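Student: Based on the provided sequences and hints, a complete structural model is requested.
Residue numbers (my numbering), protein chains in the order written: chain R, 1 to 317; chain Y, 1001 to 1501.
Just some of the chain R residues that point at chain Y, by a computed CB distance under 7 angstroms: (1) Y175; (2) D179; (3) N180; (4) G183; (5) V186; (6) G188; (7) L189; (8) G246; (9) A247.
The set of hints was computed from the structure by calculation and includes no laboratory data. Because the structure is a prediction, the values reported are computed rather than measured. The beta-carbon is built from N, C-alpha and C at its ideal position, and this holds for glycine as well.
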Amino acid sequence: MALLLILLVVATGFVNPNILRFKSLVEILNASLTLVLIALGEMFVIFTRGIDVSVGAATGLAAVILGTTLNLGWPVGLAILAALSTGVLAGAVNAFGVTFLRVPPIIMTLGTLGIYRGLMRIITGGSWIENLPQSIKDPNLWGFLGVPFFVWATFLVLAVTAWTTLRFRPARFFYAVGDNEQGAYVLGLPVRATQFVAYTLAGLFAALAAVVYTSQIGFVSMNAADGYELKAIAANVLGGVSLTGGAGTPLGAAVGALFMTAVHSMLIFLGVPGIWDNAFAGLILLLVVYADYRLRRALELQRRQARILGEGGGSGG
Amino acid sequence: MREGRWASVTPLLELEGVWKVFSGVPVLKGVRFSLEPGEIHALLGGNGSGKSTLMKIIAGVYAMDAGTMRFKGASVRVDSPSAAHALGIYMVPQEPHIFPHLSLLENLGMGLPYGAKELSDRVRPVMEALEFHADLFEPAAFLSIAQQQLLEIVRGLLREASVLIFDEPTSALTFREAEHLFERMRRLAREGIGIVFISHRLGEVMEVADRVSVLRDGVMVLEGPTEALTPHDLVRAMLPEATDVPVEPTERRGTTGSDPVLEVRGLSSEAFRDANFRLYPGEVLGVAGLVGSGRTELAEAIAGLDPHARGEVRVGGVPLRRLGPAESQRRGLVYVPEDRHAHGIFLELASLYTMTASILPELGRVFLSTAKEAAVGRRFVDSLNIKLHSLWQPAGTLSGGNQQKVVLAKALATRPRVIILDEPTRGIDASARRDVYRLIRALAEQGVGVLLISSELEEVVELSDRVLVMHKGRILGMLEGEAITLERVTEASFGNRGVSA
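Tutor: What follows is the structure, given as structure tokens:
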């Protein structure tokens, strides 16, 4: 997947070398951050064989809370804390519905998608939140080695997530629960708690995305992060996170999200008219997923054949 | 020092007066059960006798409604699988719980408080002792069923289990894999572990168990050391008391002079070789053999489901060549597979829709006639005695027996000339079983050729006009008429040639 991404960028580079400039690449990275963060949260839910379609709305709601509290004169740290709490709460509501009330995930999160979007309008009265203080916009201007602060920060979040998922023992529960829920229960794993944490994490990551989003854009519209839930799911699939649960990595999900964003940027560099943007992006998504699927199938077949040949007579044990 | 050092070893496990009631129906009625260290204790019983329920109570999956359980002499309450694990009771389930995407090592470590290093240090000697050779870092999806079972045993041993429960461990194993498993069970018992062995195969029980208990309708009806019992005692204990035989015995018919309705010539696949036989109209041909003997694979190959099978299958004299299920069905051959949930039934849809699924063209060219469809449904509900509230009741809400009847209705709706039934009474209750038996007879009387595959040898003996015995992928021979007895069929299934070829 990462190879395909590089390939696509380089191919675009032949048509329009401008994309290969450091500045353009950083630009693409910077534009992908919101989706990367949302996709990482979504990933935990998909690991457990669930789905959360309210993450975009949760991002929007957290952004509204952030903007509103800032305009009420709260210090930036406190406002961010409020936004993060909002995300956690939004995730916990989903978690409660799915794990305790046993509402099917897609229904529960479709419901809260409506509720969170509705709350945004109720809180603001339907108008955009503008005139945000400079304190929230500043971090977007910080940088190190020519790379914006938020890229570094997101990279750090990704690194921590990747390391934790790989090494922190309870993180393995996400995979186990999604892979074989009954088996996980019989082995004494905390199945419900694991699912609960997954949805809550999705909310927390959505709120992190809201902070980046608000700082980058500088205002909060009622359509903030609209449709990101589906992009986040697509990013996960692109990155090799299995919708049937139990498989995938944070790095994969992040690369998938980067890919989703890069496609849009590439279309611009290729000079494709704006009205074609979505249609092309969808087409490329399908092609990539299909190619990836065929590649994986071929590899697995090869592996199995090697196994059968290697075992020869086979053994009973 | 008392002299009773050996005589009065504290039992590992003692259960007394165990009751369990499911939705008003008592499944266990005051059961007593005990397990000594170092013994292999077989638990036998027919479907619905309560043996799985009893084991699930011991393993903490179900809670008992009344009764006591003592572990190493101390009274205990086991209210979850993890509580059972903490005591050292581990159940190796019939279908191993694996996480297919995770590696073998991760599968083993799940739920244990060890880091990767310590885990593999602990796992290796256990695997070594079990002669379980597999790559710890391969995904578990690549393990064979036998290896998955070993994985479960290792899980149990890692938890320092002193009680291991094997729930029908051999049902998915080949003959050789089963032998390996028995060897390992004996070795574990020698180290002092108590083993409960659930099986419905008498031969295996006689071979490995030190002690046998038989459950029937929730009551322990027999318990004793294996050497004091014969297979006959066990069979008698398992059969219902009053009505030994569920239906009047079959009058076995010899093969008539008519042309065969199904002819199999030189059929081979990965799982069996060179099958040759004929099935005549109005005949029930039983196929006996252990799991792994190639029975199901043979049926699938005949039904056109195995693209790699070689050889010839003729229905009514016309060859079917790898035609696939739809074409086979049009030629008058239907196959009712073993796993009805996976291959036979639409669980979420109206029961009626399963029954009519294979005859939709008869119900209308473009638009279906609801009246005709319902009429077909009602006909089968009456003739098969299917118990449902409405034809539109989702099939998934029916009992196992009624689901099986719905599947049979689907097969019969095509008015087949040949019907292949694979384990038609698996997991269904006694009265539904009787209905299925009656149906099989009625089909034969109407001139349909029935190929009956079953691992319940009693059933094969009871219903068949002729019995074909398979062993390790080969047809050993054919039993006819007087030769069809439980003993002969059992012996032959275990590979004893004493059958006319």
